[in-house]
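Okay, so the sequence shown: first residue is 3 according to my numbering, each after it adds one.
If you are wondering where the hints come from, they were derived from the structure by calculation, not from laboratory data. Virtual Cβ for every residue (Gly too), placed ideally from N, Cα, C. Be aware that one or more of the hints could be misleading.
Stated by the list, open to error - Below 25 Å or equal to it, Euclidean Cα-Cα: the simulated PhoX-like pairs (lysine-lysine) are:
no. : residue 1 : residue 2
1   : K38       : K59
2   : K38       : K28
3   : K59       : K88
What the hints assert, rightly or not - FRET-style restraints, in silico, Cβ to Cβ:
no. : residue 1 : residue 2 : range
4   : K59       : K21       : 20 to 30 Å
5   : T185      : N129      : 24 to 34 Å
6   : T58       : N105      : 42 to 52 Å
7   : K173      : Y66       : 38 to 48 Å
8   : E62       : N161      : 15 to 25 Å
9   : L114      : G50       : 24 to 34 Å
10  : K115      : L65       : 38 to 48 Å
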Amino acid sequence: MSIKDDVNYIKNELSSEEKFLESFVKTERFFKKYKKLIVVLIITVIVGSIAFLVKTKLDEKNLYEANIALSSFLENGNQNSLDELKEKNRDLYEIALYLDAKNEFKNADINLKYLKELLDFQVALLNSNQSDLDAVSKKADFLLKDYAIFNQALILVNNQKYAEAREILGKISQDSRAFELATLLKHYLVIK
Numbered sequence: 003m004s005i006k007d008d009v010n011y012i013k014n015e016l017s018s019e020e021k022f023l024e025s026f027v028k029t030e031r032f033f034k035k036y037k038k039l040i041v042v043l044i045i046t047v048i049v050g051s052i053a054f055l056v057k058t059k060l061d062e063k064n065l066y067e068a069n070i071a072l073s074s075f076l077e078n079g080n081q082n083s084l085d086e087l088k089e090k091n092r093d094l095y096e097i098a099l100y101l102d103a104k105n106e107f108k109n110a111d112i113n114l115k116y117l118k119e120l121l122d123f124q125v126a127l128l129n130s131n132q133s134d135l136d137a138v139s140k141k142a143d144f145l146l147k148d149y150a151i152f153n154q155a156l157i158l159v160n161n162q163k164y165a166e167a168r169e170i171l172g173k174i175s176q177d178s179r180a181f182e183l184a185t186l187l188k189h190y191l192v193i194k
C-alpha cells in the first residue's frame with residue numbers, strides 16, 4: 003500500500019508541476035501577444051505620474067509666489083507685485099483689485115462674479131445711488147440682495163420719499179436676516 007501511495011503522490015506532484023508549466027506558458031504567450039501594448043501602458047503611466055507631480059509642484063510654487071506678491075501689494079501698493087500676481091494667479095489678482103478699489107471707493111474691472119457684485123453694491127451705497135442699488139438688488143442670485151433693498155429704502159427715507167420706501171421694504175423676504183432691519187424701519191415709517 004505504501005508503494006501505491008507513493009505512486010499517487012508522484013502523479014499528483016507531476017500534475018501540479020504540469021499545471022504550473024501550463025499556466026507559465028499561457029502567461030508567456032499573453033505577454034508576447036500584448037508586449038507592445040503592455041510596454042506602452044507602463045510608459046504612459048510612468049510619464050503621466052511624472053507630469054502630474056511636476057504640474058503639482060509648479061502649481062504650489064506659483065501659488066506661493068502669488069501669495070507673496072499679494073502680501074507685498076497689500077502692504078506696499080507695489081505695482082510690480084500686482085503685475086506678477088496677474089501672471090501667477092488671476093483670482094488673487096482680482097481679489098487685490100477688489101481690495102484696492104474698495105479702499106479707494108472706486109470701480110474696478112473685476113471678472114469674479116461675487117466680488118464684482120459686492121464692489122458695485124459698495125460703490126452704489128457710498129454714492130447713495132438709488133438706481134445702481136436697484137440694479138444690484140434685482141439680480142436674482144445677488145449675495146446681499148435683501149440688504150441692498152434695505153439700503154435702497156434708507157436712501158428713499160433720507161430723501162423723504164416715505165411711500166416708496168414702504169413699498170420697497172415689502173420686497174424683503176421674511177426669512178431674510180435683513181427682515182428685522184426692515185421691520186424696524188417700517189415702524190419708524192409709521193409716524194411719517
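field: Indices of hints not satisfied (ascending)
entry: 1, 4, 6, 8 and 10
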